[in-house]
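Construct the complete structure from the given sequences, taking the supplied hints into account.
Here the protein sequences line up with chains X and R, keeping their order. Start counting the first sequence at 32; every next residue gets the next number (my numbering). Start counting the second sequence at 32; every next residue gets the next number (my numbering).
What the hints contain is simulated information worked out from the structure, not anything from laboratory work. A hint or two may mislead.
[Stated by the list, open to error] Here are the simulated lysine to any residue pairs, SDA-like style, with alpha carbons at most 20 Å apart:
| id | chain 1 | residue 1 | chain 2 | residue 2 |
| --- | --- | --- | --- | --- |
| 1 | X | 254 | R | 321 |
| 2 | X | 254 | X | 226 |
| 3 | X | 254 | R | 326 |
| 4 | R | 254 | X | 326 |
[Claimed, not checked] If you want the ones that stay clear, here's a sample from chain X, every Cβ over 12 Å from chain R, calculated:
| id | residue |
| --- | --- |
| 5 | 36 |
| 6 | 46 |
| 7 | 50 |
| 8 | 56 |
| 9 | 103 |
| 10 | 105 |
| 11 | 185 |
| 12 | 202 |
| 13 | 219 |
| 14 | 239 |
| 15 | 246 |
| 16 | 294 |
| 17 | 346 |
[What the hints assert, rightly or not] Covered by chain R, according to a simulated footprint, are these stretches of chain X (three or more residues, beta-carbon under 8 Å):
| id | stretch |
| --- | --- |
| 18 | 208 to 218 |
| 19 | 262 to 272 |
| 20 | 315 to 321 |
The beta carbon of each residue, even a glycine, is placed where N, CA and C say it ideally should be.
2 protein chains.
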Amino acid sequence: MSAERRLRVSYQDLFDTLLAALARTGMEPDRAALCAKLVADATRDGVASHGVNRFPRFMTMIRSGVVDVRARPALVAAHGALERWDGRRGPGNLNAHDSMARAIVLAAEHGVGCVALANTNHWMRGGTYGWQAADAGVIGICWTNTCPNMVPWRSSDARIGNNPLVIAVPRPSGHVVLDMAVSQFSVGAVTMHRLRGEPLPIDGGLDEAGRPTRDPAAIEATKKLLPIGLWKGSGLAVMLDLVGAILAGGLATHQIDSDPERETSLSQVFIACRVDAREAATIADAVIAYLHESTGAVRYPGERTLEARTKNVAEGIPIDERVWDEVRKLR
Amino acid sequence: MSAERRLRVSYQDLFDTLLAALARTGMEPDRAALCAKLVADATRDGVASHGVNRFPRFMTMIRSGVVDVRARPALVAAHGALERWDGRRGPGNLNAHDSMARAIVLAAEHGVGCVALANTNHWMRGGTYGWQAADAGVIGICWTNTCPNMVPWRSSDARIGNNPLVIAVPRPSGHVVLDMAVSQFSVGAVTMHRLRGEPLPIDGGLDEAGRPTRDPAAIEATKKLLPIGLWKGSGLAVMLDLVGAILAGGLATHQIDSDPERETSLSQVFIACRVDAREAATIADAVIAYLHESTGAVRYPGERTLEARTKNVAEGIPIDERVWDEVRKLR
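Here it is as C-alpha cells:
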C-alpha cells in the first residue's frame, strides 16, 4: 500500500505547465492552448485520472509517433446530418472536441447531427465533450471504443472494450452529464484506487487465476475488467464497438493494441440534438428535484463534477505529487 | 414454488388467436394484423415475457380506456432529421413500429433520423424495433422510459425507471440486436423466474426490508429493481429518461403511474443511421468471429433470439398453459 500525497495547484499554474510542455512538441499554438485547457479543465473538475495523470503518457505517445500533434481531422464522407471523419491519429482530445463541435453545427442545421470519427487517439476525459455539447445548449451523446480490456459474459478472456459512454443534457442550474465506462470501474478509477492504496468497493475485474477481485493492482496486471451488470454490460460494450467502427469505417476493439502506449486508431461517435432550452430546463429540474427528495444522498450525474469544480477553483486543484513532479519535467 | 406447464403452439394458431381478440376491440384490420404479428413474433423469438404473456394486460388496458386502439401517432414538430410525434395513447407496439419506420425514412434522406415519441404506451418487446431497423439495413437505437421501478444509487426508493435500451446492427448472417432494461433483470424476466419457481441467479432488487434479494416475488411486491452496475445503471437510467422526455416533450419517469395497468404516456426515442451494407457486414463478422473464439460459450447479442426463432418455428412456440388459456378466452 502506497499512500498518495496530494498538492494543490492553481488552474493557471497547471495550464501554463501543460502548455509549456505541449509547445515543445511542435503542436500549433492554438491547438496547444486548447489541448492544455481540456486537460486542465478535466483535472479541475475532479477527474485527474483522465486529466493530468494521463498527460505524461500522452507526451510519450507524441514522442514515439503514435500521436501526430499536427494532424487535424479530415472529412471522408457526408450524408446530410451524418458525417464520417478521419482523425489521422491526431491528439485524441482535440479530435474529439472538433468532432462534437461539428455535430453541434449539424444539429443546428438538421435537428440532429452525427459525426463518426476513425483513426483517433484516447480522448482522455469523455465527459469533456458532454459538457461541451451542454454548454452549446444541445443534448450530447458520444462514445469511444478501446483496446480489449474487459471480459465478455461467460469468458475470462479480455475480448471486448470498456467503451466509455457520455450523455449530456443542458440545464441552466447545472448540466446533467453522465460519463461512464461500461466496466464497473474505468481504467483510470482502478489506477486511482491503487495510487490511494485502497481496494475497490466491489469486484472490478479478474486476477491472474481468473477469479473476481477488488485488488486494483491485480486488475491492472491482467487488464481484465468486469462489465457493469455482467451479461448486460458485455452486450452493451459489443454494440458500442460495432456501431462506432461501422459508422466511422474504423477499427474495432479486437484490432486495437492493448499496450497503453500503443493503443491508437480508435473509433468514436458524436451525436448532438437540438432542444428547446426552456422546456428542457423545466423537465430536467423536475427530474432532479424528485431524485433529491429520495431517501439517501442521491446525486444526479454531473453534480459532483460541479462541486469539485467550485472547490478546486477556490482551493487549488489536487494533484498527486509524483504526477506533478513528472509533468513539470516535461516543460 | 409453482412449476410452469408449457404448451407448444403453432405460429399460425397464435397469430389467429391474437388477431381474433384484437378484432373485438374495434382496432382497424390492418393495425390489428400488425399488432398480432408483433406480439406473435416476440413470442416466437423466445421473448414470451414481452409477447403473449403481456397480451391479457394489453387487452385490459384497451377495455379500461388507457390504450386507444384507433389512435395513430401525429406529427408535432419537425426539424429536418429530428421529429417529435404524439403517440396519443395508441397501442404501444404500433406507435413504436411507426416511429422506427419514420426514423428509417429520415435516415435515408438525412443519413441519420431521430423520432421522439410522447404519450405512448408500453412497447412490449423493445427488440422488435431493433430487428425492424436491422431488417431495413440501418443501425437502430431506441429506448423508452418507464414508471419508477428501480432504486437510484444510495437510495431504497423506487425513483427511476429501468428504461429499456435497444441497439441493433444489420448483418446478413444474423443481425446483432441488444435489447436490455438497465435493471439487472427486466420486469418480465423477474416474472418469468417466478412463473418457473426459480430464484434469480444474482440479486435483482430490494425486498420489503430494503435488503437485496434474489426472490422474484419479493421484488414484484416492492417494485424495487436494482440497476446494472449500481451507480452506473442508476446514472444511465436518469439520462435515458431525461433525453427521452426532453426530445419528446413528454412525461418523465416520476410522472408515470406505477400501477402496471395504468402505466401510460411514456416517452421514447428512435434513431436510425445509414450504413454501407457490405462494410458493416465485414466489420460485424470480424467482431463476432473474435468473440466466438473466446474461452467459454460467448454469444453475441441476438444470437439466442435467432436460435429460439429457428427452434420455435420448427417445434411450435412454447407458451405457459395458464397464459394460453387466458388468451384464448379473449377471442
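- [ ] Check each numbered hint from earlier against the structure, then list the numbers of those it violates in ascending order.
- [x] Numbers 11 and 12, in rising order.
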